[in-house]
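K.L.:
Chain H: place on chain X using the hints.
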Amino acid sequence: GQQVMQIPQYQHVQEGEDFTTYCNSSTTLSNIQWYKQRPGGHPVFLIQLVKSGEVKKQKRLTFQFGEAKKNSSLHITATQTTDVGTYFCAGASGSARQLTFGSGTQLTVLP
Amino acid sequence: GAGVSQSPSNKVTEKGKDVELRCDPISGHTALYWYRQSLGQGLEFLIYFQGNSAPDKSGLPSDRFFAERPEGSVSTLTIQRTQQEDSAVYLCASSSRGTQSYEQYFGPGTRLTVT
Numbered sequence: 008g009q010q011v012m013q014i015p016q017y018q019h020v021q022e023g024e025d026f027t028t029y030c031n032s033s034t035t036l037s038n039i040q041w042y043k044q045r046p047g048g049h050p051v052f053l054i055q056l057v058k059s060g061e062v063k064k065q066k067r068l069t070f071q072f073g074e075a076k077k078n079s080s081l082h083i084t085a086t087q088t089t090d091v092g093t094y095f096c097a098g099a100s101g102s103a104r105q106l107t108f109g110s111g112t113q114l115t116v117l118p
Numbered sequence: 139g140a141g142v143s144q145s146p147s148n149k150v151t152e153k154g155k156d157v158e159l160r161c162d163p164i165s166g167h168t169a170l171y172w173y174r175q176s177l178g179q180g181l182e183f184l185i186y187f188q189g190n191s192a193p194d195k196s197g198l199p200s201d202r203f204f205a206e207r208p209e210g211s212v213s214t215l216t217i218q219r220t221q222q223e224d225s226a227v228y229l230c231a232s233s234s235r236g237t238q239s240y241e242q243y244f245g246p247g248t249r250l251t252v253t
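Chains X and H supply the protein sequences, listed in that same order.
My numbering applies: residue 8 is where the first sequence begins, and numbers increase by one.
My numbering applies: residue 139 is where the second sequence begins, and numbers increase by one.
Chain X on its own, in the form it takes in the complex:
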């Protein structure tokens, strides 16, 4: 079955440093989504990427979808303490409505 790997599992950064998490799928994806889960909270949708090579930006967050549609990354510029949480990628194949979630990257931002 489809597998989605995400690295790193944990990341500690000083406030103001950049942060990147990477996602790799064992199969070609039709789309990839990113979610953020704050400590004690539930996952919240951030963005969806559909096109090969697509890049989307949300303020300090930059999302990329690889040319082969098998990998993706989330980059945060100049982290803030409000960025703390676990970031999950989730991929779908074909016309499937089901998402396969990565294991997540837990980000800690030290003030």
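What the hints contain is simulated information worked out from the structure, not anything from laboratory work.
One or more hints might be untrue.
[What the hints assert, rightly or not] Residues on chain X that point at chain H, a partial pick, calculated with CB under 10 Å:
id: 1; residue: 15
id: 2; residue: 40
id: 3; residue: 52
id: 4; residue: 59
id: 5; residue: 89
id: 6; residue: 107
id: 7; residue: 115
[What the hints assert, rightly or not] Facing chain H, a subset of chain X residues (Cβ under 10 Å, in silico):
id: 8; residue: 13
id: 9; residue: 44
id: 10; residue: 55
id: 11; residue: 109
id: 12; residue: 111
[To be verified] Derived Cβ-Cβ restraints for the label pairs, each shown as a range:
id: 13; chain 1: H; residue 1: 166; chain 2: X; residue 2: 51; range: 18 to 28 Å
id: 14; chain 1: X; residue 1: 21; chain 2: H; residue 2: 156; range: 47 to 57 Å
id: 15; chain 1: H; residue 1: 195; chain 2: X; residue 2: 21; range: 38 to 48 Å
id: 16; chain 1: H; residue 1: 201; chain 2: X; residue 2: 84; range: 46 to 56 Å
id: 17; chain 1: X; residue 1: 65; chain 2: H; residue 2: 177; range: 43 to 53 Å
Don't be surprised by glycine CBs; every beta carbon is placed ideally from N, CA and C.
P.N.:
Using the frame of chain X, we list chain H on its own:
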């Protein structure tokens, strides 16, 4: 409603008892998903409903787990003869019938503790 709701928010039960977890999706959302999340872990897919049918039950861990959505709205997840390894947060999510956007909206979860 404004969002996905789940009840109860917390449930403590004794090993061997049955529990029923409820999910109210966003009104009009046709797809509903159940996930399980153990402490500090990722999301484990359990089951997916499209309307009142379940095209994919592959994630259910054992035959002690049963889920239904008889009228295509509210869903219940029943765990029979609970075991300690069933302790986790059970998350429900719903999504609308879109063309390409299948973003999922999650509820707050039910924290299940089996003692």
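K.L.:
Indicate, hint by hint, whether the structure satisfies it.
P.N.:
Going down the list of hints, with the structure as the test:
{"no.": "1", "hint": "15", "in the structure": "violated, 14 Å"}
{"no.": "2", "hint": "40", "in the structure": "holds, 6 Å"}
{"no.": "3", "hint": "52", "in the structure": "holds, 4 Å"}
{"no.": "4", "hint": "59", "in the structure": "violated, 14 Å"}
{"no.": "5", "hint": "89", "in the structure": "violated, 19 Å"}
{"no.": "6", "hint": "107", "in the structure": "holds, 7 Å"}
{"no.": "7", "hint": "115", "in the structure": "violated, 13 Å"}
{"no.": "8", "hint": "13", "in the structure": "holds, 8 Å"}
{"no.": "9", "hint": "44", "in the structure": "holds, 9 Å"}
{"no.": "10", "hint": "55", "in the structure": "holds, 6 Å"}
{"no.": "11", "hint": "109", "in the structure": "holds, 7 Å"}
{"no.": "12", "hint": "111", "in the structure": "holds, 5 Å"}
{"no.": "13", "hint": "166/H <-> 51/X: 18 to 28 Å", "in the structure": "holds, 20 Å"}
{"no.": "14", "hint": "21/X <-> 156/H: 47 to 57 Å", "in the structure": "holds, 49 Å"}
{"no.": "15", "hint": "195/H <-> 21/X: 38 to 48 Å", "in the structure": "holds, 45 Å"}
{"no.": "16", "hint": "201/H <-> 84/X: 46 to 56 Å", "in the structure": "holds, 49 Å"}
{"no.": "17", "hint": "65/X <-> 177/H: 43 to 53 Å", "in the structure": "violated, 29 Å"}
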